[in-house]
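Asker: Based on the provided sequences and hints, a complete structural model is requested.
Chain order of the listed sequences is R and Y. Numbered according to this note's numbering, the first sequence spans residues 1 to 229. Numbered according to this note's numbering, the second sequence spans residues 1 to 291.
Hint data in this document are derived by calculation from the structure and do not stem from the laboratory. Errors might be hidden in some of the hints.
So the derived label-pair ranges between C-beta atoms look like this [stated by the list, open to error]: (1) Y:G44 - R:Y4: 51 to 59 Å; (2) Y:A33 - R:Y4: 55 to 63 Å; (3) R:I134 - Y:E109: 25 to 33 Å; (4) Y:A42 - R:L144: 45 to 53 Å.
Computed list of chain R residues with no C-beta within reach of chain Y, every gap over 10 Å [said to hold, decoys possible]: (5) Y15; (6) G19; (7) R98; (8) I134; (9) E190.
Since the structure is predicted, the reported quantities are computational estimates derived from the model, not experimental observations. Just so it is clear, CB atoms sit at the ideal spot from N, CA and C, and this is done for glycine as well.
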Amino acid sequence: MNDYLSGLGSLLVRYDVLGAFWTNIQLTFWGALIALVLGTALALMRISPIASLRWVGAAYVNILRNTPLTIIMTFMVMGVWTALQIHVADTFESTFFRLAVVGLAVYHAAFVCESIRSGVNTVPLGQAEAARAIGLSFLPAARLIILPQAFRGAIAPLGNTLIALLKNSTVAAAASVSWETASTMKTMIEFNPNFLWGIFAMFALGYVILVIPIGVLTTWLSQRLAVQR
Amino acid sequence: MSASVLFDAPGPRTRAWTLAGNILGAILVIGVAVWVLLQLDAKGQLSWDLWGPVFSTRTWQYYLLPGLVNTLRAAAFAIVGSLVFGLLFGMGRLSQLAPVRWVCGVFVEFLRAVPVLLMMVFFYGLFGVLLPGVADKAFLAVVVALILYNGSVIAELVRSGVGNLPRGQREAGLVVGLTEGQTLRSIQLPQALVAMLPAMVSQIVVVLKDSALGQIIGYQELLRTGQIVYSSDGNPLQVLTAVAVVFILLNVLLTVLAHRLSKLLSSRTAATPLEGTGIGNPTAVAGGTKV
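Answerer: Structure follows, in structure tokens:
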């Protein structure tokens, strides 16, 4: 048992496991940031009264949401970088990293959009009617009455999307980000099959430690801020 | 536009503004589309030399269709398996015995927190050690990983489906003399299953999409066979577009089905049918997580 643990420990010296997790956290951070901006813009399009924008938003969501992330990641490298030769960075490392971030962002933006939209849908029509009845015009009604309730309602699905984004950042493996967790684990298992269980336990535990707090926090927030109806 | 919380019924002036915005938006969209097409053309990506092979019989007969069959095969096994797994563990989480409840709870929460890709890579390695004689290790690894992940999601769906039933359903069962277990099996579960059917159809979309991860461990599914095509024909953009279109068509069809089901079934159960978010935990719906 001690031999096994010390063997596993020596693997930690040879492979940069913490660095791999740091890469996934960075991918998640930048991906989430861009996805939030893009997703909010899409949500605004989808709830706007302008039909052509609504149509574009719906088309984006339905296309991106139904495409496997693996294909998007492969497309970023093989389509955008190799075939279209779009230059995003000078080194291979940062090229693949940025392509993976964009891939993650465009995919999850569709889910961010749907989360925000479903948050808006939780607000009953009576709230808008009441706002109008006390004399608020469009902007004050949206700012004071509708959107605060909509954002509170959207916390649970947004937190869920963030967790999915963190776990999906492993798919950056398909965009040649070979120093992230899934690829690192694959290499480690290939060269040290006798430590198979230990290696998997290590990576799985890392994700459990990262995911559970986000889940607990967003569930707590969404329940604490829930609008009682 | 029907009544919305954000916008009143428009008057004549607003209608004129909306129309102007609509035309402007349409021009913008068409402009972007034309610009993208021009860029693609400038880089030679619209040439028939690249698109032609995508539509050839050879590509479909020897590569993409067998790949699609493998994708559907893995998805079919994974869906049936995760249903069984999800029902077992969902009932386990609702068990009267606290230890069973805890063990199932920890297991399900663990599986939901670990990325599917890590599980696939792990099982691929594990089957390499355990089953050296089996040829299709990648297929097994894909199916087992998908079953464990999606099964744990379905277990959550079962639990939330039962939790969302009106309390009176369980109470009525107990009052007519059924035990807790009998009430769960013959009153709560059947209604919960009907209510979760749409979310389960949405989960099939997740299974289909995640099966493409098998590419990373070398499973010959649709994306992998597409990669084989473009590495010989040199047309990644075109082949990946075709592969994506196949996935999108299948998934849109399933999403429409899920939507129809949830409308159809709302009269068949005391709970509200859940359509699912299509990502992560389907019980995390707007307004707070459902039980």
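Asker: Each hint should be assessed against the structure and marked as holding or not.
Answerer: Hints, verified against the model:
For the pair G44 (chain Y) and Y4 (chain R), the supplied restraint of 51 to 59 Å holds, since their beta-carbon distance comes to about 56 Å. The supplied range of 55 to 63 Å is met by A33 (chain Y) and Y4 (chain R), whose beta-carbon atoms lie about 58 Å from each other. As the Cβ distance of I134 (chain R) to E109 (chain Y) is approximately 46 Å, the hint placing it in 25 to 33 Å is violated. Checked against the hint of 45 to 53 Å, the C-beta distance between A42 (chain Y) and L144 (chain R) comes to roughly 49 Å, which is consistent with it.
No beta-carbon of chain Y comes within 10 Å of the beta-carbon of Y15 (chain R); the shortest separation is about 14 Å. Chain Y leaves G19 (chain R) outside its interface by the beta-carbon criterion, the shortest separation being 17 Å against a cut-off of 10 Å. For R98 (chain R), the shortest C-beta to C-beta distance to chain Y comes to about 19 Å, beyond the 10 Å cut-off, and the non-interface label holds. Once the 10 Å rule is applied to beta carbons, I134 (chain R) is consistent with being away from chain Y; the minimum gap is 14 Å.
With a minimum CB-CB distance of about 7 Å to chain Y, E190 (chain R) fails to clear the 10 Å threshold, and the non-interface call is violated.
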